[in-house]
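Assembly of the complex is requested from the two constituent chains, each provided in isolation within its own frame, with the hints serving as guidance.
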Amino acid sequence: MLCEECGKNEARVHITKIINDKKKSINLCNECAAKHQKKHMIGFDLEPSFSIHTFLASLTEDMNLGQDVEYSPMGNRQCEKCGLTYKEFGKLGRLGCDQCYNTFRKGIEPLLKRIHGNSIHKGKIPLNIGEHIRRKREIEQLKEDLQVLVINERFEEAAVMRDKIRELEAKLNG
Amino acid sequence: MDNIGIRNSLSRWVRDTGPYSDVVISSRIRLARNLEKYFFPSRLSHDRQEEVVNEIEAVISKPGISENTEGLRTVRLEGLPVIQRQMMVEKHIISPQQAKTNGHPGKAVVLQDDEAVSIMVNEEDHLRIQVLLPGLMLWEAWDMANNIDDTLETKVTYAFDDELGYLTCCPTNLGSGLRASVMVHLPGLVLTNQVSKVLKALSQVGLAVRGLYGEGSEPLGNLFQVSNQVTLGRVEKEIIEDLISVTKGLIEQERSARELLLNSDTGSQLTDRIYRAYGILSHARIISTQEALGLLSSLRLGVDMEIIGNVEPKKLDELMVLIQPGFVQYIAGGDLSSDERDEARADLIRDYLAKDKDIGES
Numbered sequence: 000m001l002c003e004e005c006g007k008n009e010a011r012v013h014i015t016k017i018i019n020d021k022k023k024s025i026n027l028c029n030e031c032a033a034k035h036q037k038k039h040m041i042g043f044d045l046e047p048s049f050s051i052h053t054f055l056a057s058l059t060e061d062m063n064l065g066q067d068v069e070y071s072p073m074g075n076r077q078c079e080k081c082g083l084t085y086k087e088f089g090k091l092g093r094l095g096c097d098q099c100y101n102t103f104r105k106g107i108e109p110l111l112k113r114i115h116g117n118s119i120h121k122g123k124i125p126l127n128i129g130e131h132i133r134r135k136r137e138i139e140q141l142k143e144d145l146q147v148l149v150i151n152e153r154f155e156e157a158a159v160m161r162d163k164i165r166e167l168e169a170k171l172n173g
Numbered sequence: 000m001d002n003i004g005i006r007n008s009l010s011r012w013v014r015d016t017g018p019y020s021d022v023v024i025s026s027r028i029r030l031a032r033n034l035e036k037y038f039f040p041s042r043l044s045h046d047r048q049e050e051v052v053n054e055i056e057a058v059i060s061k062p063g064i065s066e067n068t069e070g071l072r073t074v075r076l077e078g079l080p081v082i083q084r085q086m087m088v089e090k091h092i093i094s095p096q097q098a099k100t101n102g103h104p105g106k107a108v109v110l111q112d113d114e115a116v117s118i119m120v121n122e123e124d125h126l127r128i129q130v131l132l133p134g135l136m137l138w139e140a141w142d143m144a145n146n147i148d149d150t151l152e153t154k155v156t157y158a159f160d161d162e163l164g165y166l167t168c169c170p171t172n173l174g175s176g177l178r179a180s181v182m183v184h185l186p187g188l189v190l191t192n193q194v195s196k197v198l199k200a201l202s203q204v205g206l207a208v209r210g211l212y213g214e215g216s217e218p219l220g221n222l223f224q225v226s227n228q229v230t231l232g233r234v235e236k237e238i239i240e241d242l243i244s245v246t247k248g249l250i251e252q253e254r255s256a257r258e259l260l261l262n263s264d265t266g267s268q269l270t271d272r273i274y275r276a277y278g279i280l281s282h283a284r285i286i287s288t289q290e291a292l293g294l295l296s297s298l299r300l301g302v303d304m305e306i307i308g309n310v311e312p313k314k315l316d317e318l319m320v321l322i323q324p325g326f327v328q329y330i331a332g333g334d335l336s337s338d339e340r341d342e343a344r345a346d347l348i349r350d351y352l353a354k355d356k357d358i359g360e361s
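Protein chains in written order, with numbering that gives the first Met the number 0: chain A, 0 to 173; chain B, 0 to 361.
One or more of the hints may lead you astray.
[What the hints assert, rightly or not] Lysine-lysine pairs mimicking DSBU-like chemistry, simulated, CA-CA at most 35 Å apart:
1) B:K99 / A:K112
2) B:K247 / A:K112
3) A:K135 / A:K112
4) A:K90 / B:K199
[Stated by the list, open to error] Far from chain B by the CB rule (all over 10 Å, computed), these chain A residues:
5) C5
6) A10
7) V12
8) S24
9) E79
10) D97
11) I119
12) K142
13) D144
14) E152
15) F154
16) M160
17) I164
18) R165
19) E168
It should be emphasised that the hints constitute simulated quantities derived from the structure, not laboratory data.
Where a beta carbon is used, it is the ideal one built from N, C-alpha and C, also for glycine.
Just chain B, with the same shape it has in the complex (with noise of 0.2 Å):
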C-alpha cells in the first residue's frame, strides 16, 4: 500500500493540523446517552441491543432530519474483521470494550467520512456521541456534538431525571454525561522532571490524567490525557471553559520546560538525544511499539523545536497511530506474530520517514 492509501484511512485528528499543535495532539467531547424505554447495555439481551441500533440507524439515516447528522454511516461492529476493530481502537473511534463483540450482535458505531464523529452504540450506555478534532479544538468538537445531540433528542427519548440530569450506567458519567478531554504531548515536562507536579497539581483542580491508551494505563511516549472529572452540577460550557483555560496553562509550561532544556547546559544532550531518536527509527530493523513511541515522541520535539527541520511533523502523528498492531498488520496485508510485527514496524517506519518528500496533500 503506498503512503497515500494508508493516510486516507486515518481520521481527522491524525491527519490535519489544529492550533497549538506542537503541544495538544487532539480534543475531545464525548456526551453519555441512554434511551428511556431500554435497559441499560449491561442488562440488556443483544437482540434488544440490535433494537437500539436499528432505531438509531433509522433515525440518522432519515434523509434531510437535520444536517448535523448528514454523511452519518452505521457500522455494526459484530461483522467486522478484528483487524478493522482493532485499528478503530487505535485511532480513538471506539474503546476496547465496544471492540469485543464476541460474534454478538447489538454493538455498532456511527461515523462521518472524516471520523471526527464517532458514536459508539450499546458501549456502557446506549449512546457515546464524541467529537475528534486536532489540536485544542474544545469548543468546536462540543458545537459538534451539541448539535448531533440535539438532533438526535428530538427523535428518541432520552432517560433524564430533573435533579440527576442524563442518567447513564456508571454514575461517574451522571448530569451532563460530558467528558471534554485533550491529549498533550509533555515531552518538556517529563524531562524537566516536572510532570508528576504538575499532573498533582491537575488533580487538585478536579481534571483527571490518564495515559495514551486512556483509563489507568501507563503514559507512552511522553502523552496525557486531560479530562474534567465532575459530570454533575456543573454546566457544559464551565466545564470545557476550565479545560480550555488549564491546557493553555499547560503549554505555557510545556514550553518554557522546552525553553529551559535548550537553552542551559543540557542543551547538546537533548540535541543529541532527538538526532538518536531520528537515527534508530530510520535505521531500525525491529522495533516494538514501545520504543517506537518513546522514540517518536524525542523526534516531535526535535521537530516541533526546529531542531531537526527535514521531517513533516504531522506524520510523527500518524506513525503515533500506524504503528499500532492493527495497522501494521492492515498495512503488512495479514495476521503477524508479535516478532513478525516488530520487523513490519520497523521496515513501516523507515518507509514512511524515507519518503518525506514525495507526500503531497492527498
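For reference, chain A alone in the conformation it holds in the complex (with noise of 0.2 Å):
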C-alpha cells in the first residue's frame, strides 16, 4: 500500500483514531508520520516572542552610563549564594536567589526607580520575619548570658539555660 499523504513511498505506519464514535484510519510512510507527528502535537507556544527578561537586561546596559556591563564597576561582582554574575544577570535580567539583591544593590536600583518609579517597599510583611529576627537575637543573648554561668562556674543553671537554647533553636529551625 502507497502512502496516502505523498503517494509515493510505501505505507508502514498506520493509524486508527476514534473521533467522536467515528473510526478514522491513515496510512503514511515512516517521512509522512513523522510530519504527521509534528502537527499532532499541542505544543504551549502562546508565549510570545517579545521577553521582558531580554527587554530588562538591555536597560541595565543602558544604566551603567552607556558603558558595557563588562567594563562597568559591577562587572565581575558574583553572588556568593547562588553564584550568579552580575554579567549573567545582564543577560538574563533575572535574579538568581535572594542574596543576588544585596550582591547587585547598586546595579539594579536605577532599574527598579526606572520599573516602579520608586525603590522602597510599602506593603504587607510576613509576620514570622518580624518574630523571626527577635527569636534569634533572644538566642544569641541567651548564648552570651551561658557564657557567663560557665566562667562563673554555675554549672546547674548553665545546663538548664544550654537546653533552653537547644529548645529555641530547634523551633526556631523547625
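What follows is the structure, encoded as C-alpha cells:
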C-alpha cells in the first residue's frame, strides 16, 4: 500500500483514531508519519517572542552610563549564595536568589526606579519574619548569658540554660 | 461526554456569574513569593525544586492548620498528560511556561476543587498564589489570596527585604509581588474605534493592557487583560482600589459605546453582525479558534444587549474556554490534527448552542 499523504513511498505506519465515536484510519510512510506527528502535537507555544527579561537586560546595559556591563564597576561581581554574576544578570534580566539583591543592589536600583518609579517597599510584611529576627536575637542573648554562667562555674544553671537554648533553636529551625 | 460533564471540568470563573459580567469576565489576584532557603527556580535543580513542592505540600495538607488552606491539593505536573496540562493553561490556572515540564519533576500546582485558588509552584518564582473569580470581584480575590499567604508565611520563611519587600526572580514583580488584573470584553469600544485611545489612557495611569493569552499576544475576541504595572512602593490596597476605579470607568465607556452603536444609524448593521455570528456558530462545519472567538464576541454582545434572547450568556464564556485546542481534544477523546480540531470545534459549538434548553444547573 502507498502512503496516503505523498502517494510515493510504501505506507509503513497505520494510524487508527476514534473521534466522537467515528473511526478513521490513515496509512503513511515513515517520513510523512513524522511530519504528521509534529503537526498533531499541541505545543505550549502561546508565549510571545518578546521577552521581558531580555528587555530588562538591555536596560541594565543602558544604566551603566553607556558603559558595557563588562567594563562597569559591577561587572565582575558574583553572588556568594547562588554564583550568578552581574554579567549573567545583564544577559538574563533575572536574579538567581534572594542574596543577589544585596550583591547587585547598586546596579539594580536605577532599574527599579525605572520600572516602579520607587525603590522602597510599602506593602505587607510577613509576620514571622519580624518574629524570626526577634527569636534569633533572643537566642544570641541567651548564649552570651550562658558564657557568663560557665565562667562563674554556675554549672547547674548553665545546664538549664543550655537546654533552653537548644529548645529555642529547634523551634526556630523547625 | 454530556454538557453537564463538560461543564464540571471548568473553573469557577468560567461557570459562575459575577458582578458587572456584561463587561468584566474575570478578576485575578496573583502574589509572587519565594522561599528564603532555596535559589530561585531558574537556578534550582529539578530535585531541589521537588523539595520545594514537598515542603509546600506538607504545609497545606496538614489538617486543621487553617481554614484558609482547607481543601487544597497538590498536583504534580510531570505526571499529567499533555492535554490535561494544556486544559489548565486554557482555564488560566497555570501559565504556558509552567505547563512545559519536559518530563522533569519539580513543577506543581496547588488547587482547590472549584479552581478559584491555584498556586503555581516553581514557575518563575517558588510560589505564585493566584485567585481567579468571575466578574469584578477583586476584593474577594485579594482576601482569599492574602489569607492563604498569611497561613503560608507562618510555616515557611519567605525571601524578604525590609526595603525591597518580597524578593522575586524578576525585578518587575518586586515589592508587594502583587499583580491584580481584570479580563474585560470591549467590543463596543473596538467597533467604535475608540479602543486604542482608551488603552493609551490606561498606560498613562500605570496600567498594562494585554490580550487574552497574557503577555504580548494579540487580543482575540475583543478580550483585554488590564493589570497594575508597578509592584514596588505601593500598598496592596491602593493598587487594587486603583484598578477597580479604572475598571468601573472602562465599564461605563464600554456601555455607552454599545448604546451609541445601537441607537445610531449603525444599529441595523450591529444587529445583522450579531445574527450572522449566531448563524455561523450554530451551523458551521469547520471553524478555527480565532474565528470562533471573534464570532462568540459578537454573539455575547448581542446577548448582553438583549438583542438575542434565547442564548444563556454564561454558555458563551464556557465556550470561550471549551473551543481551545486542549479542551476540543479532551472532549473528542483523542489527539487531533489542527484540521480535525477545526471540525470537532464546529461540532462542539453547534451541539452546545443547540442544547440550550437542556442545560440546567449541575
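Non-conforming hints, listed in increasing numerical order: Failing hints, ascending: 10 and 11.
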